[in-house]
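Chains as they are written, first to last, in our numbering: chain R, 43 to 349; chain E, 702 to 990.
Treat the hints with care, as some may be off.
Ranges of calculated distance between the beta carbons of each label pair, as one might list FRET restraints [what the hints assert, rightly or not]:
(1) R:GLY228 - E:TYR987: 57 to 63 Å
(2) R:ASN263 - E:ASP989: 32 to 38 Å
(3) E:PHE703 - R:PRO211: 24 to 30 Å
(4) E:THR792 - R:ASN263: 49 to 55 Å
(5) E:ARG718 - R:GLU346: 49 to 55 Å
(6) E:ARG718 - R:TYR56: 29 to 35 Å
(7) E:GLY878 - R:ASP113: 26 to 32 Å
(8) R:LEU165 - E:LYS717: 29 to 35 Å
(9) R:ASN263 - E:PHE703: 45 to 51 Å
(10) R:ASN263 - E:ARG902: 49 to 55 Å
(11) E:ASP989 - R:ASN239: 20 to 26 Å
For the record, the hints were derived by calculation from the structure and aren't laboratory data. Cβ atoms here follow ideal geometry from the backbone N, Cα and C, with glycine treated the same way.
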Amino acid sequence: MEHVCELTGICKQYRSRKTVHEVLHDVSMTLDAGEVFGFIGPNGAGKTTLLRIMCGLAHPTKGKVKVLGTDLTVRNAQLPTGIGVLVEYPSFIPELTGRRNLQLLASIRGVIGLPEVDATMELMGLDPGNKTPAGRYSLGMRQRLGLAQAIMEKPRLLLLDEPTNGLDPQGVAELRSYIRHLADQGVAVFLASHLLNEVEQVCDRVAIVKQGHVLRQMSKNDPVPYRGFSLQVSDAKDWSLVQQWAAQHQATLSQKDGVQGGMVGTAVPVPAALRDLIQAGASIESITPDRDTLETTFLQAIQEETK
Amino acid sequence: MFCMMRYQCSRLFSSKRWLFVLVIDAFLAVAVVLDRKGTVSYLLTKYYIAAPANIWDVPVQMLCADIMMIFILVTAFVFLVGDAFLRDERTGRLPMLVSRTRNRATWFVSLIPALFLAAVAFVGAAVVISLGVALLFLPVGWSFSPFLTSTINQVKSLRPFYFLPNMPLSPPLFFAGLIGYLAPALCGIALLSVAISIWWRQTAAVFIPVVWILMVDMSLRGEVMRSSPGGGRFFFSTQLMLIEHWQWADSKITAALYPFPVAASVIVFGILCVIWSALGYFSARYVDL
């Protein structure tokens, strides 16, 4: 099956009179239909540049870009149809209403009409009858309008750059479920962000990038190393039961200062350990598996790169 | 393509900058009115010559006779539309627009007619505003004023440009022609501004053509005209002034500008539009946007 998007060895350099500044270095990735790919990195990592290359606005210095069957490496290439783009801090004609802005944008491709524009606005929580000019929209409303223009023509590839900028928590949760919904319908989603939690919850695969270098690529199906769990119990009696359990299972125990809890290093899975402890009469306040999160992986990758 | 042009027009015409530019037009018109009233009164008190002005004097002075006023209007037009690319690039509108087309250059090609329409609207608005301001101070006339058409030497010496005593066109037709004359010139300058800004993404880049006209074209023109008045016709700043085409029409010493009639200037503006359009087209197609 052909990938929706295929990048091979992408390098992007900007030359000034004296220096060559490399924004992207040997970036390779594929994106399939129905997949959400997260591209995470600190500011200046090259996320936006890659997004611009993927939608045909910029050309790579080296490497090959194929998007929706079109080779965008060729400078004169026709651009593929079926891409929806949301840039960071989207901007519209400030004097026109949100609806009029979307209507004008939709007319360029001419595949949808006003009813679809209105439906998309409502889906994004915007009122199509609102007569306020887009220039007076709040940051969150502008972001919703930006998302509406990106999805209104039902793209096959959705490129999102920091899509949750300015959204309230409810908006973020709605967006997350909507991205998953789109992916389930076969849309390929490329999500550039520096918000790890947001990426972790919604993406199938993730690339960690720093200064144009992809440090690590991970899939949510990759096995995650399990090191034990952290737990908190009600009182000292319960903690002594935990110590007994640890001694029986050759688990390491490190208690946190001032609390009846700590880290338990063991290969015993959490459900089994929890069952044993409850049967032993321990009162458990909380228990959390000690696994690598995206945040720990990200920080580890960045630290390794710095060394 | 047509819809993209409609988007470009909506964007250009809905800008609030028009208000600022139209206020400048009104101020220039007031300056002309005050100057003209003073001159007419001077002629009457000093020479007892009655050569009254009327409302048509104001747009003639503003749009086809006074190079500094024309220069201010050119600058205002570039301020209005010249940063079309930079605005789209900086606000992130470019990816939204380009991703909806099959060709990166569509954005620029659709801008060409939009800029031309903006130039027509701009000159038309300047004529209307100058007439509106003039109506407050000067009498209405149905033909060009005695001040413009007088052949008396004292009047001619106070009128720094030559105006055909028997102008064959009625004022409305004359100004319709003026719009058709200046619009391609302004459109050409704006196209060059946009094309340059694709390469050099600084606000200063937008004003390079204006600086060129002021610093290079106008100073060279001044030097050349000192030795050969007719030589001024080879400069863009001369071509911008419609009245210059008649400036030497009755001179016995200097050849008239008829080797460069009005039509020739329009052709020159048209050729420049084509050249800058081609430059912009290939820039939009091959340069990173």
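Handout entry: Verdict for GLY878 of chain E, ASP113 of chain R (Cβ pair) under range 26 to 32 Å
Key = Hint violated: Cβ distance 50 Å, outside 26 to 32 Å.
Problem - Range agreement (Cβ of TYR56 of chain R with Cβ of ARG718 of chain E, hint 29 to 35 Å) - result: holds (31 Å)
Problem - Distance restraint hint 49 to 55 Å, applied to the beta-carbon atoms of ASN263 of chain R and ARG902 of chain E - result: violated (43 Å)
Practice task
For ASN263 of chain R and ASP989 of chain E, compare the CB-CB distance with the range 32 to 38 Å and indicate the outcome.
Solution key: holds (36 Å)
Problem - Hint check for LYS717 of chain E and LEU165 of chain R - Cβ pair distance inside 29 to 35 Å - result: Cβ of LEU165 of chain R to Cβ of LYS717 of chain E: about 31 Å, so the range 29 to 35 Å holds.
Problem - Outcome of range test on Cβ distance (GLY228 of chain R, TYR987 of chain E; 57 to 63 Å) - result: For TYR987 of chain E against GLY228 of chain R, whose Cβ atoms are near 34 Å apart, the range 57 to 63 Å is violated.
Practice task
Starting from the range 24 to 30 Å, see whether the pair PHE703 of chain E and PRO211 of chain R falls in it by beta-carbon distance.
Solution key: For PRO211 of chain R against PHE703 of chain E, whose Cβ atoms are near 43 Å apart, the range 24 to 30 Å is violated.
Problem - Outcome of range test on Cβ distance (ASN263 of chain R, PHE703 of chain E; 45 to 51 Å) - result: holds (48 Å)
Practice task
Return holds or violated for the Cβ distance of ARG718 of chain E and GLU346 of chain R against the range 49 to 55 Å.
Solution key: holds (51 Å)
Practice task
Check the following: the C-beta atoms of ASP989 of chain E and ASN239 of chain R are separated by a distance inside 20 to 26 Å.
Solution key: violated (33 Å)
Handout entry: Distance restraint evaluation - THR792 of chain E, ASN263 of chain R, Cβ atoms, bounds 49 to 55 Å
Key = violated (39 Å)
Checked against the numbered hints above, the structure breaks hints 1, 3, 4, 7, 10, 11 and satisfies the rest.
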